[in-house]
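Chain by chain, the residues run as shown.
Number of protein chains: 2
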Amino acid sequence: MPQKRYLFTPGPTPVPPQVLTALGEPVLHHRGPDFRTVFERVLARLREVHRTSSDVLLFTCSGTGAFESAIVNLCSPGDRVLAVSAGHFGERWIAMARAYGCAVEELRYTWGETPSPDDLARKLEEIEPVALVLIVHSETSTGDVADVQALARIVKRAGALAVVDAVSSLGAVPLEMDEWELDVVVSGSQKALMAPPGLATVAVSPAALEHSARASLPRYYLDWERTRKAQAKFDSPFTPAVSLVVALDVALGLLLEDGLECAFERHIRLGRACRAGLKAMGLELFSPDEDRSAVVTAARMPEGFEATQLTRVLRDRHGITIASGQGELKDQIFRIGHIGWFDEFDIATALSAVELALGELGAPVERGLAATRALEVYTEGAPV
Amino acid sequence: MPQKRYLFTPGPTPVPPQVLTALGEPVLHHRGPDFRTVFERVLARLREVHRTSSDVLLFTCSGTGAFESAIVNLCSPGDRVLAVSAGHFGERWIAMARAYGCAVEELRYTWGETPSPDDLARKLEEIEPVALVLIVHSETSTGDVADVQALARIVKRAGALAVVDAVSSLGAVPLEMDEWELDVVVSGSQKALMAPPGLATVAVSPAALEHSARASLPRYYLDWERTRKAQAKFDSPFTPAVSLVVALDVALGLLLEDGLECAFERHIRLGRACRAGLKAMGLELFSPDEDRSAVVTAARMPEGFEATQLTRVLRDRHGITIASGQGELKDQIFRIGHIGWFDEFDIATALSAVELALGELGAPVERGLAATRALEVYTEGAPV
Numbered sequence: 002m003p004q005k006r007y008l009f010t011p012g013p014t015p016v017p018p019q020v021l022t023a024l025g026e027p028v029l030h031h032r033g034p035d036f037r038t039v040f041e042r043v044l045a046r047l048r049e050v051h052r053t054s055s056d057v058l059l060f061t062c063s064g065t066g067a068f069e070s071a072i073v074n075l076c077s078p079g080d081r082v083l084a085v086s087a088g089h090f091g092e093r094w095i096a097m098a099r100a101y102g103c104a105v106e107e108l109r110y111t112w113g114e115t116p117s118p119d120d121l122a123r124k125l126e127e128i129e130p131v132a133l134v135l136i137v138h139s140e141t142s143t144g145d146v147a148d149v150q151a152l153a154r155i156v157k158r159a160g161a162l163a164v165v166d167a168v169s170s171l172g173a174v175p176l177e178m179d180e181w182e183l184d185v186v187v188s189g190s191q192k193a194l195m196a197p198p199g200l201a202t203v204a205v206s207p208a209a210l211e212h213s214a215r216a217s218l219p220r221y222y223l224d225w226e227r228t229r230k231a232q233a234k235f236d237s238p239f240t241p242a243v244s245l246v247v248a249l250d251v252a253l254g255l256l257l258e259d260g261l262e263c264a265f266e267r268h269i270r271l272g273r274a275c276r277a278g279l280k281a282m283g284l285e286l287f288s289p290d291e292d293r294s295a296v297v298t299a300a301r302m303p304e305g306f307e308a309t310q311l312t313r314v315l316r317d318r319h320g321i322t323i324a325s326g327q328g329e330l331k332d333q334i335f336r337i338g339h340i341g342w343f344d345e346f347d348i349a350t351a352l353s354a355v356e357l358a359l360g361e362l363g364a365p366v367e368r369g370l371a372a373t374r375a376l377e378v379y380t381e382g383a384p385v
Numbered sequence: 002m003p004q005k006r007y008l009f010t011p012g013p014t015p016v017p018p019q020v021l022t023a024l025g026e027p028v029l030h031h032r033g034p035d036f037r038t039v040f041e042r043v044l045a046r047l048r049e050v051h052r053t054s055s056d057v058l059l060f061t062c063s064g065t066g067a068f069e070s071a072i073v074n075l076c077s078p079g080d081r082v083l084a085v086s087a088g089h090f091g092e093r094w095i096a097m098a099r100a101y102g103c104a105v106e107e108l109r110y111t112w113g114e115t116p117s118p119d120d121l122a123r124k125l126e127e128i129e130p131v132a133l134v135l136i137v138h139s140e141t142s143t144g145d146v147a148d149v150q151a152l153a154r155i156v157k158r159a160g161a162l163a164v165v166d167a168v169s170s171l172g173a174v175p176l177e178m179d180e181w182e183l184d185v186v187v188s189g190s191q192k193a194l195m196a197p198p199g200l201a202t203v204a205v206s207p208a209a210l211e212h213s214a215r216a217s218l219p220r221y222y223l224d225w226e227r228t229r230k231a232q233a234k235f236d237s238p239f240t241p242a243v244s245l246v247v248a249l250d251v252a253l254g255l256l257l258e259d260g261l262e263c264a265f266e267r268h269i270r271l272g273r274a275c276r277a278g279l280k281a282m283g284l285e286l287f288s289p290d291e292d293r294s295a296v297v298t299a300a301r302m303p304e305g306f307e308a309t310q311l312t313r314v315l316r317d318r319h320g321i322t323i324a325s326g327q328g329e330l331k332d333q334i335f336r337i338g339h340i341g342w343f344d345e346f347d348i349a350t351a352l353s354a355v356e357l358a359l360g361e362l363g364a365p366v367e368r369g370l371a372a373t374r375a376l377e378v379y380t381e382g383a384p385v
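Going down the list, the protein sequences come from chains A and B.
For our numbering, count along the first sequence from 1 and bump the result up by 1.
For our numbering, count along the second sequence from 1 and bump the result up by 1.
Just so you know, the hints here were simulated from the structure itself, not pulled from any lab data.
Certain hints may be false.
Cross-link-like lysine-lysine pairs, in silico, DSSO-like; alpha carbons within 30 Å at most [said to hold, decoys possible]: (1) K230/B with K157/B; (2) K230/B with K5/B; (3) K280/B with K234/A; (4) K230/A with K234/B; (5) K124/B with K157/B; (6) K280/A with K230/A; (7) K280/A with K234/A; (8) K234/A with K331/B; (9) K280/B with K331/A; (10) K5/A with K280/B; (11) K5/B with K331/A.
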């Protein structure tokens with residue numbers, strides 16, 4: 002019998018059985034009324050998840066493709082763009098904007114640091130004007146969740162557009178597109194939205210849409226206006242991944258049935274439980290020991306041990322997938338994702354497995370406390 | 002009980018139950034060995050289907066996105082490109098290349114005509130030099146299948162690169178990438194490859210890859226070199242639609258189990274059967290009454306009746322989806338796709354339904370002959 006598999010990475014995330022079942026339904030024609038009904042509902046649900054009345058454009062691509070749509074729809078060659086970077090994904094958006102000929106200014110932090118609104122205000126004063134500011138909400142590579150509301154306020158004051166990478170945060174931690182006046186919010190199907198990878202979303206404010214009409218970078222597949230026009234009739238300009246859309250519809254239904262607040266609260270408690278367990282094991286946290294770090298928990302490896310050793314033992318011996326670090330942090334930290342369809346027993350399993358594998362590697366680790374501590378903390382009661 | 006549904010469009014096409022079952026399996030992590038094994042096999046199978054030893058790059062996007070990758074990886078602004086167009090998709094590639102600032106020359110035919118190698122030779126002489134020639138193999142909007150081998154020979158003689166849209170043809174009719182010296186072949190998961198939409202492929206010859214190093218159009222998500230490098234390690238630069246890749250693996254396995262020749266022969270017989278049935282009904286064919294028209298069969302509507310009436314009655318009353326025309330042919334023709342997972346009884350059903358619905362609309366149509374005639378023709382024996 003094949004070994005059981007456990008997916009505790011920061012994405013793709015586990016997909017509920019109801020969603021998998023929907024995924025396996027016969028393929029619908031993308032221009033027929035059966036699909037149109039689903040598509041209309043998905044688009045409405047996506048607006049609800051974004052807390053926006055703006056259009057949420059749906060693309061068949063990864064989150065990176067959707068983020069690229071923000072660059073090509075908002076920029077002209079040579080446009081000045083400020084990127085706030087404190088990890089792998091911040092770096093990716095810098096590289097991407099440069100690939101498109103933008104003049105990229107950087108507000109750069111050591112990986113794992115939390116971007117500060119004051120730093121952003123100073124930077125913007127120093128370099129004004131810029132057309133857009135790229136912000137990462139949840140930096141999946143470090144576990145840090147930025148205060149997008151405060152950062153966006155500074156961006157708006159400087160008259161720029163706030164473009165937010167919410168790929169791993171949307172549906173896990175609060176994001177209020179309209180209330181926080183975010184201009185572009187990019188997300189993906191495979192994180193807190195609990196669907197398989199392959200779909201990505203771009204919520205576009207009226208100001209961003211207006212701005213895009215003047216942006217001269219060439220685009221076709223990722224063109225916002227073409228997609229917006231089609232979606233106004235609950236249609237897509239190109240054949241979408243219909244099976245994934247049907248699955249996403251079911252997943253969004255599950256998410257919204259309980260309400261977003263319920264998901265936010267659960268993620269806070271999952272984060273608390275995970276951090277408590279890791280500390281009980283005697284490990285040092287890398288991600289902030291704070292409730293806002295509710296998406297991915299990262300811990301430092303014990304001195305003399307490498308994260309890729311740990312992930313390999315977990316995977317090859319125990320069927321459990323967690324993530325090592327990315328880039329310069331590759332072997333220094335490991336990451337447990339608790340995004341989307343996770344409960345306290347998943348956390349207990351992940352922690353028990355890490356404890357077991359570290360023991361097997363001969364790393365110094367406190368045994369027998371982590372899972373119990375995590376479950377205690379989880380059930381201690383709702384966070385305020 | 003919900004009405005049964007029948008999908009007889011030129012894409013998405015019906016997906017075999019084995020493939021749907023694979024689609025609903027728990028999501029794999031895209032960087033783990035479980036997925037890598039599948040991915041390696043999919044890439045090998047795709048090379049087999051393309052009859053090439055070159056790399057087949059896999060993108061999470063629609064066929065249009067993959068075709069766009071050919072433009073952005075092969076062109077610099079102002080590059081001269083010749084597009085051969087005889088239908089909706091030919092027009093799309095012209096519009097796309099223009100959107101990217103290419104100087105597009107056109108070899109344009111009335112929709113439904115078959116591009117001629119002689120015309121192409123003359124056109125190329127007239128306008129030489131061009132960097133690339135865009136060719137549509139199966140023009141899904143008209144049912145015409147071009148002689149790509151002969152066209153590519155002319156392109157090569159002119160020292161240009163042959164870029165082939167094989168979205169609806171690959172796996173249905175012969176395509177020999179290496180033998181015919183095609184430089185770029187673009188296809189999609191949702192046609193003869195019998196998987197759901199959401200994945201698209203770009204097979205790239207060494208010459209095209211070399212050319213792409215000098216092309217200056219900006220690209221990131223669709224960048225060939227980034228994708229090629231990752232695929233060399235059976236990895237993807239960005240999170241791919243893992244569920245669709247797992248499904249595509251099963252579908253390609255089914256296709257190659259019997260062998261491509263078997264699929265080609267079946268498509269020829271399906272085309273023969275469909276044409277024979279439509280003629281038995283007294284309808285006039287729009288697509289060529291020839292074996293090469295083995296992908297989509299198009300027929301003219303009886304005088305005074307509109308194709309959208311027919312498709313609506315079929316869909317709303319009978320649960321059957323066929324396609325009307327596209328663009329200027331919208332109401333003049335209807336199209337029955339027989340791509341991928343189709344057999345003779347599907348053709349009989351499609352024909353019987355068309356016959357019934359035309360009768361209901363009051364159109365003059367011969368009753369009781371089409372399905373029988375189609376089954377007779379299908380079983381008459383293997384084509385040479």
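key: Violated hints - listed by number, lowest first   = 2, 3, 4, 6, 7, 9, 10 and 11
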